[in-house]
Amino acid sequence: MTDSPADKLLAAPLDLDPFARDLRRLDDALTRRVRADPENVERGLAQLVLTLVELLRQIMERQALRRVEAGGLDQQTIERLGATLMALESRMEELKEIFGLSDEDLNLDLGPLGRLL
Amino acid sequence: MIWAYAICDHPDAPLPRRRGLAHAPLEGIAVNGLLAVVSRHTQAPGDPALDALWTHERVVERLMVDRTVLPLRFGTKLPDADSVRSTLTARYDEFMAALDRVRGRVELGVRAMEPPREDGVPPAAIAATPARVARTGRDYLLEKLAHEQRNEHGAAALHEPLSAVAVASRRGRLQSDDEVLRAAYLVERADVARFRALVERLQHQHPELAVLCTGPWPPYSFVAVPQAGAMAGSAAT
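Sequence lines, in order, name chains H and U.
Mapping to this note's numbering: the first sequence position 114 is 166, numbers consecutive.
Mapping to this note's numbering: the second sequence position 181 is 220, numbers consecutive.
Think of the hints as simulated: they come from the structure by calculation, not from any bench.
Every clue listed holds true.
For the chain U half of the interface with chain H, some residues (derived, Cβ under 7 angstroms), not all of them:
| id | residue |
| --- | --- |
| 1 | Arg235 |
| 2 | Leu251 |
| 3 | Thr253 |
Interface residues of chain H toward chain U, partial, derived using beta-carbon atoms under 7 angstroms:
| id | residue |
| --- | --- |
| 4 | Lys60 |
| 5 | Leu61 |
| 6 | Leu62 |
| 7 | Ala63 |
| 8 | Ala64 |
| 9 | Pro65 |
| 10 | Pro70 |
| 11 | Phe71 |
| 12 | Val120 |
| 13 | Ile130 |
| 14 | Gly134 |
| 15 | Ala135 |
| 16 | Met138 |
All residues carry an ideal CB built from backbone N, CA and C; glycine is no exception.
Okay, chain H solo, but in the shape it has when bound (with noise of 0.2 angstroms):
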């Protein structure tokens, strides 16, 4: 029977900090309401297109990948491929910089289906 959360660490490297994220998420997930004063609506907007985005660019890398993995490709579309991939990446970047958002921000957690991301 569980009495604590720590109870049910049965194996654990020293340092929990990387892990502790979720815990952050969870918390965020559990306590996030929507805040729909005039200054964040704009952001909200923003964080709900860049996370389509984000969505789209991920699906398209994967996909790349897939394609660069599976040979048959030539080296200019490679090249393509992949300048245009790196230029998403670097400019959602920059999007989200301008917004204040971060990656977790960029997640919609779809409750049975799991995270989008």
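Based on the hints, put chain U in the right spot on chain H.
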């Protein structure tokens, strides 16, 4: 409204006196050899605070002490006792088969990450950044690919030996670049110590990874009880 904690066997065994959410008493709704353990509420008690999650979890674990359970995800709600009965009836064989699969077994969770180095920079970031300057598109893709393969290699080095000790396993989707493995293993109770020792040995063999093993949990990842549909009105956290 009815909050459901678990479906279990031995409907005749007395329920534990432990209280459910909002201190509501536990109640059993039986259909032949199956029992749904629930509590009744006039309004939804599931404000998903951490202590509510633990209340739900403890009820499921208490039931696990003396019977086999199919744990239901936090937030499984049904309108009334009749809809619980009709769900149990409609999916009787499926639930019975699922109970057989998890009998005498528990779930253990394993996650592995690349810990940040001493200077605090995560290795994934190092792999991703060497010179944003003057990098070609080809290099970018090949670096991504190499990083992915390195992670997959690390994951397999853990996952293969661990699955050999488990009855079943499920790998979850990774949620960040520095995460290497996120998996659940269904393990015979008697093998938990062996599994744990194996995790420790693997951690020792792979100092470049940080490996976390948690449990024993109710077999949440190994009961194919869909949360939507028949168990209508469910809301996950």
